[in-house]
Amino acid sequence: MSSALPRPVARLIDAFARLPGIGPKTASRLAFHLLRMPDDHALQLSEALRALKESVVHCQRCYNIAETSPCEVCADPSRDSGTVCVVEEPLDVIALERTGEYKGLYHVLHGAISPVDGIGPTDLRIDELVRRMGVEPIREIILATNPSLEGDATAMFIERALRANGSEVRLTRLARGLPVGGDIEYADEVTLGRAMTGRSEVR
Amino acid sequence: MSRVRLQKAEAIVLKRHDYGEADRILTVYTRQQGKITVIAKGVRRIASRKAGHVELFTHVQMMLAEGRNMDVLTQAEMIDAFPRLRDDLVRMTYAYHIAELVDRFEQDGHPSPQTFQLLRDSLAALGDADDPFVVARYFELRYLSLIGYRPHLFECAQCATALEPGGAVFSAEAGGVVCPACARTVSDGLRIDDAAFRVLRFLQTREIGVILHLVLQPGTRGQVEQALHGFVRHHLERELRSVEFLNGLRRVARTVDLAPSARARPDTVDAGAGAERSGDPLSELP
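Residue numbers (my numbering), protein chains in the order written: chain U, 1 to 203; chain P, 1 to 286.
Please keep in mind that the hints were generated in silico from the structure rather than gathered at the bench. Some clues are possibly wrong.
Lysine to aspartate or glutamate pairs mimicking EDC-like chemistry, simulated, CA-CA at most 16 Å apart [said to hold, decoys possible]:
(1) P:Lys15 to U:Asp117
(2) P:Lys15 to U:Asp92
(3) P:Lys8 to P:Asp103
(4) P:Lys8 to P:Glu106
(5) U:Lys103 to U:Asp92
(6) P:Lys41 to P:Asp18
It should be emphasised that the depicted structure is a prediction, and the values quoted were computed from it without experimental measurement.
Extracted from the complex, chain U is given alone in its bound form (with noise of 0.2 Å):
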């Protein structure tokens, strides 16, 4: 940045620099934007961030993102402890939640197996998974990676991972076949192949 701005609108402009999709000419324009804001809405966005770094943890039980360990799913007691949904990511969990079909508890594995990126099983949550089997009374566990080869690999491994360590607990997968809205004439052939596998009876 030049000199000839102030040290703290520069460093503002880096920090936004750095956020994905924001090039310099916009952050400089965020930046200065804040600057013309009224106090007390810039300072609200400095608290939010404050409180973003320091006020959320992730639930020793789930894995998911929460204010609190146990997370408010988790600590509720109305939710069936018996099924739990694998997901990959923190935002899997909003959208089923969204669907008020699950009243089950989640895991968050924070990714899926992905070779080119470097991620191995490893690095995901996964032996927190079994670790789950041994001490809670598991009935299921819906493997609700992503439909993609990553997240095939993923619930692949996790299958292995849990027969590897003797548990005889019921696995499904989330069912997969024609989107809403969907045409059958544009479908892939791995799809409409098992939409017709998984078909289900008319009621």
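Knowing the structure of chain U, use the given hints to seat chain P on it.
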């Protein structure tokens, strides 16, 4: 009205990463243009018509519109998904390996129909072979030949005298196997036994159909792999991520059985290929 230039490309997806809200940038190897990157818009939306067709390692017919920096994917239709790669973590890792090799060695926009064919056949073979390890080594040897790094296995890499069968010294620096006299002059010599030497020669000279039922002894595997990984590392001047990943996977495999369940892999060896199984393919070596 500006004219949108559309072109067809037959492609194999090597790599992809997320971009923006719902887009993906794909690195593909095409028959017509070699390695290129294309942007696939909206493919992360669940109702995307293209998403399933452009998964990693699919062989796909694409329609591309010329974009400012990158071509834009407008239509995609899968030709082959190589489904048997997808239910086996080890086969999948070898698929990553060959895709990573192509991605690292290729420059953008240098087409080679032979490379495309080798890539396609090798992905198919990774699903079908008794041992995907053999296919990965086959790919390395054949691919290195195609791009001008063919390891010398029949004459000394340094003095070009014909090599005798038996144990040999492999040197990545020299460019392949060296004769006993030259072996003293190389600094990175790797001693390989007769079996490993014969396997290397076999894989370099045979067609892919012959190797599908080749199964190697553990000791031979180790030597063949070490020689070829050393060779690749020497030319790329870096370690491949897939190699590190595979090593990690092998450590985990001591406690977790990674082989796919019998149910997931129906035995579909056709009669023609089955005939190869009876004889030892190595017996007819040069």
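Okay, the hints, checked on the actual structure:
1. As the CA atoms of Lys15 (chain P) and Asp117 (chain U) are separated by approximately 10 Å, the hinted pair is consistent with the 16 Å bound.
2. Among the hinted pairs, Lys15 (chain P) with Asp92 (chain U) is inconsistent with the structure: their alpha-carbon atoms are about 23 Å apart, more than 16 Å.
3. With a CA separation close to 21 Å, the supplied pair Lys8 (chain P) and Asp103 (chain P) exceeds the 16 Å bound.
4. Note on Lys8 (chain P) and Glu106 (chain P): the hinted pairing is violated, with a Cα-Cα distance of about 21 Å set against a maximum of 16 Å.
5. Pair hint Lys103 (chain U) plus Asp92 (chain U) holds up; C-alpha atoms about 15 Å apart against a cutoff of 16 Å.
6. Restraint check for Lys41 (chain P) and Asp18 (chain P): the C-alpha separation of about 10 Å stays at or below 16 Å, so the hint holds.
Of the numbered hints given earlier, the model fails hints 2, 3, 4; all others are met.
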